[in-house]
Amino acid sequence: MASTNITFSSSRWHAYLSHLLSSTQPNSPTNEALYTTVQKYEISRKLLHISVGVLVFYWHIQGVVIEKILNRNLNALIILAAGDTLRHRFISISTIYRRMVGFLMRLEEANSYNSLIYYLLGTYLVMRIFPVDVAMMGILILSFADTAAATFGRLYATKTVYLRDGKSLAGTLAACISAGLIAAAFWSYVGADQYRLERRSMFDGSLSFCHDANKMPPPPDCSAITGPWAIVIMSIITGLVAAGSEFVNLLGCDDNLTIPLLSCFGIWLFLSIFGGTGSNWVFS
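At position 34 of the sequence shown the residue is numbered 37 (this note's numbering), and the sequence of numbers has no breaks.
Some clues are possibly wrong.
Unchecked claim - In silico BS3-like pairs for lysine-lysine, Cα to Cα no more than 27 Å straight-line:
1) Lys49 x Lys170
2) Lys49 x Lys71
3) Lys162 x Lys71
Stated by the list, open to error - Restraint-style ranges between C-beta atoms, simulated for each label pair:
4) Thr229 x Ile82: 41 to 51 Å
5) Ala227 x Leu50: 39 to 49 Å
6) Gly66 x Arg167: 37 to 47 Å
7) Gly247 x Asn74: 30 to 40 Å
8) Gly169 x Ser47: 12 to 22 Å
9) Leu50 x Arg92: 27 to 37 Å
No wet-lab data here; the hints were simulated from the structure. Glycine included, C-beta positions come from ideal geometry on N, C-alpha and C.
My request is simple: use the sequences and hints to build the entire structure.
Printed below as a string of structure tokens:
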């Protein structure tokens, strides 16, 4: 099989994606409008982002051990990365690849790498590096908060200000609010005794504001916040961390890689200082 460097112009990629949609209903006048809507709002990509995160979290709460989840994630990453690399070298593989996942790709990814590779790499790294509850929160931020930021950023960017290239105030606020809401539900679940007993959790349902918070037993003058107020604080911190990770441009790296890593690091750092008696090990 002969290899070559393959490049596609935006117009050819646009035409190809249009063909994928129109092929299901030839001569349908609604197909072009459907394509425009799907492409403009990246509906397919957003659904995929959400579904991957939900699937990983579902496996986790069903009791699948983290090593099995890591292996599944790594297998998918290797297959996708190999296919994406080969499509740049071989025309026949490129054709098959575009038919299978072309509708999930942006125009600029025609001649670069699929962002799903960075998504899978980001989720793999946070599960490998951070405590399991912090890692799962980072994955949920990537799945939902990043999706909310992209959606509201496209809808309302022109009505707010741009904080930097490609990042609007509307999108950043959407990331903050959505992450805070998700965190409220997630940290309430994580704070439950059953979760802490069954899984290695960093957040134990309390926040301790003293230097010796992790000493057992804690010193008598150590003040602690527990119950709903601890959840509220964790939700606010998680929302702010998500907004910050959404805004930061880390050496030009793909957001799907940097958002979970930066989010998890921010949450881990906060819990390392104020996280009570939960596990605070990195490389869990």
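Each hint, compared with the structure:
no., hint, in the structure
1, Lys49 x Lys170, "holds, 17 Å"
2, Lys49 x Lys71, "holds, 25 Å"
3, Lys162 x Lys71, "violated, 45 Å"
4, Thr229 x Ile82: 41 to 51 Å, "holds, 45 Å"
5, Ala227 x Leu50: 39 to 49 Å, "holds, 41 Å"
6, Gly66 x Arg167: 37 to 47 Å, "holds, 42 Å"
7, Gly247 x Asn74: 30 to 40 Å, "holds, 31 Å"
8, Gly169 x Ser47: 12 to 22 Å, "holds, 20 Å"
9, Leu50 x Arg92: 27 to 37 Å, "holds, 29 Å"
Hint violations for this structure: number 3 only, all remaining hints satisfied.
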